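Enquirer: So the protein lines, in turn, are chains A and B.
So for the first sequence, full-length UniProt numbering puts the first residue at 1; every next one is plus one.
So for the second sequence, full-length UniProt numbering puts the first residue at 1; every next one is plus one.
What the hints contain is simulated information worked out from the structure, not anything from laboratory work.
All the given hints hold, so there is nothing to weed out.
Copies of one chain are not kept apart here, so a pair can be met inside one copy or by any two copies together.
Below, in silico cross-link-like pairs of lysine-lysine (BS3-like), each with a Cα-Cα straight-line distance of 30 Å or less:
#1 Lys-39 - Lys-153
#2 Lys-161 - Lys-55
#3 Lys-130 - Lys-141
#4 Lys-122 - Lys-39
#5 Lys-219 - Lys-159
#6 Lys-39 - Lys-55
#7 Lys-55 - Lys-103
#8 Lys-159 - Lys-55
#9 Lys-205 - Lys-55
#10 Lys-159 - Lys-144
Given the structure is predicted, the values throughout are model-derived calculations rather than measurements.
There are 2 protein chains.
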Amino acid sequence: MARNSVFILALMSLCIGLAAADWNILSKKSKNRDASSLKNYCESWRINVELNNIKDFEVVPQECVDHIRHYMTSSQYTADSERAIEEVRLYLSSCCSLEGDGKDAWIFDVDDTLLSTIPYYKKHGFGGEKLNATIFEAWMKQSKAPALDHALKFFHEIKDKGVKIFLISSRSETLRSATVENLINAGYHGWSGLTLRGLEDDFMKVQQYKSEARRALTKEGYRIWGIIGDQWSSVEGLPSARRTFKLPNSMYYLS
Amino acid sequence: MARNSVFILALMSLCIGLAAADWNILSKKSKNRDASSLKNYCESWRINVELNNIKDFEVVPQECVDHIRHYMTSSQYTADSERAIEEVRLYLSSCCSLEGDGKDAWIFDVDDTLLSTIPYYKKHGFGGEKLNATIFEAWMKQSKAPALDHALKFFHEIKDKGVKIFLISSRSETLRSATVENLINAGYHGWSGLTLRGLEDDFMKVQQYKSEARRALTKEGYRIWGIIGDQWSSVEGLPSARRTFKLPNSMYYLS
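Make the full structure from the sequences, and use the hints.
Expert: Now the structure itself:
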């Protein structure tokens, strides 16, 4: 009897052990499935932002902040941006009969095109927090944003070809000196114009404001060969450029 | 002496063993790095196609065919397309005061928007082979392309709202009956127009041809609330729609 009890007890332990192991496997599988499904969801969110299907988002969805943080600090983000600049080079190598009359022009965005705001977003939730304009402007006033290396290199290449460079940014006019200082600190110099948003531009959406700035350039006789920006609002609208290039950025949306 | 020899031999074996293990680890690391770097490279290629920075490619780069095959047959591709359609629904829920006068219109691409060409590309190198128009047309004539499920569902939703649906495809006019048969086989019915490329459209680029087709619709008084397509050439150009939606597709490019 005692031997039987021991046997049954052993059998029960074995069963419980197996069940627990099964449960662990199932639970791990389910966690993996959840993690994989969240990754799918957040990657779809990101790609649809880049495709301009998702517009006007105020914040990155909370559950996707980690995914966006991971991407924006990854070698993939760097590679994606570098590849975009490579395509600009390829375009320039064959596109344009630059006339060298001082009217060949190229337009750049500032934030997340020439200067990176990632150090700011690292401390402010990677787009998961609603932007606090005061804190963000205070950060911009420090003029510490680093250059995007590939953009910096290209900026000087195109300048050396005699193309006039115009920076059109949605930063406020009140940030002019901080912006100039930051650009110089980061290695940029020799641009021909820096357009910032004055009070009179505040009633306009970014896309309209940037289109107006381009219109002013074309009125002055500039041929805009290209635009590089990280926002669709920097490259959409008329007048446009012969070609436009969109850098990846899924931390915020300016319309 | 003999014991020393054994000892030295053992030591040597140990050293060789360790070196081999190190070599294996290094070689594995290097392979992982190569694989990871190729993945970065191909993902950058893909994202820059979707951003419309890479245009007019004839074939997917050979080294990236596996990456594109993997993406285009993945749950991520499905999720990305579904999310795009979700965004269309979100837009439609608040965008448009549909007037119900028979002049509310929506435009769809056909291939890789309503019908999937993935079964064809599965057998023809996933964009890595230059398109053989004869073989591709023979495949289209079989009318076997399956529906993209999420597009099919949305197609009927919007039709049920009384919106007129126009299909504008870069397929040739000679494929009309095969295309109609395929669409019906796949579950589509009730569209108001199917525009295909006639001989007279052959001198035009796809974007121009599709713009002309939209112009014809607006001349007839249609209000085009939206376009869904997998190619930038389906959504760019004037007249446009109030909003456009780009589905992912990195297998081919039509300009």
